[in-house]
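Peer 1: Taken in order, these protein sequences are the chains called A and B. Note that my numbering gives residue 86 to position 86 of the first sequence, counting from 1, and the numbers run on in steps of one. Note that my numbering gives residue 232 to position 232 of the second sequence, counting from 1, and the numbers run on in steps of one.
Do not rely on the hints blindly, as some may be mistaken.
Claimed, not checked - Which bits of chain A does chain B cover? Going by a derived footprint, with three or more residues having C-beta under 8 Å, they are:
1. 59-72
2. 75-88
3. 94-100
Don't read these hints as lab results, they were simulated from the structure. Since we're looking at a predicted model, the values are computed, not measured. Ideal Cβ positions, reconstructed from N, Cα and C, are used throughout, including at glycine.
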Amino acid sequence: MRELIQKTGRIAALALASTLVIGGSAVVLARAETAMPPTADVKIDNFSFGPVMLTVAPGTKVTWTNRDDIPHTVVADDKTFKSKTLDTDETFSYTFDKPGTYPYFCSIHPHMTGQVIVK
Amino acid sequence: MTDETKDKKDVILHDHYHDGVDRRGFLRCMAWAGTGALYVMQGGVLKSYAMGAAPRVGSGKSAGELSFVQISDSHMGFNKAANGDVVGTLKAAVDKINALPVAPEFILHTGDISHLSKAEEFDTVDQVLTGAVAKDVFYVPGEHDVLNDDGKQYLERYGKATNGTGWYSFDKKGVHFIGLVNVMNLKPGGLGSLGPDQLEWLEHDVKHRKASTPIVVFAHMPLWSVYPEWGWGTEDSAQALSYLKKFGSVTVLNGHIHQLMQKVEGNVTFHTAASTAFPQPHPGKADSPGPMVVPAGELRGLLGITDVNVVRGRQALAIVDSSLK
């Protein structure tokens, strides 16, 4: 569960507190009329994406932050999304609307790989 | 310290074939990273020298018909704790080059000229290298030089007469030099990559050359598997090297890993150069290959290398290192 990082707006968190865990996996439901869109974060540290595997609900805006002294990128294997080069402390965000599995990598350091699962 | 002792401090000899090498010196040099190497063509054989060993190169014994230097990984624009003055350390490398008693004919820069592919970063490196006695500089791109634009700016600046994404070859005094590009179109989970177009070009480029021609290949990422866990290698390098099997002397020079390392495989000798910007850890000896911060005052001792060693037949040649200090 530690790998499943979800942050929601405060209102959404209150409203959905009882529905966060369903069938053993965390799910965040978006309720646009009452809450900020759900968000999640991935940190880039030591040439690694953390968490390596992130599970979010449809509509979640995922933000990557580069905390290394070396620039990195975030690029979907199928090029669905592609960041510019992120220097230290720069961020890139992408909103995942459709369920699916989205493998990605750093196109500068291709041994760095990660995955976003939307369900 | 006598002149002889002082000289030895900057000279590391390594003998792969047990014919009189200073292995202790070699091990000592492994604690260093590097900045540049001087290569000299002598009697058809390529030898390399530390730039700190410059006085030797001016002697009758070491004077040759062709000499050149390699520098790498300037990372102009880098400004983090590992080195706050990459301009200063690049200038120190140029000073080393200019102190050589015999001016090298040209400089090879094995990539990561810039840190973020910014025009002003390239401009600064161009400006600093203008101060070098060797006016010709031959480049290959590092991954930092081709950010965001698939190498368009790099090619406009440094690759106008090259093929594809920047590969080319040229001849100097009997030595055939081949500059390869292995930082483009990298695939998830993979290493450096040359790609089918470049491999086809390489095969054609060397096919009709005499086996006695000394070959020098230079690229940014290692063309041998240094440490795949950190992406330190090139996935299709074996194919490239298969085209070079017939040659008696093949030297492969690269940068990227910011430290001295070498390997001999048949008639092929691989060398990695150190950076002029910052050191990186030994493979697997840190959480990541990121810039290594060293105590104040020690940085220049960790920048500035020199490898040498060309195997021609079974003849071992000297490997030499020097620091920027």
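Peer 1: Decide, hint by hint, whether the structure agrees.
Peer 2: These are the hints, each one checked on the structure:
no.	hint	verdict
1	59-72	holds (count 4)
2	75-88	holds (count 5)
3	94-100	violated (count 0)
When the structure is compared with the earlier hints, a violation turns up for hint 3 alone.
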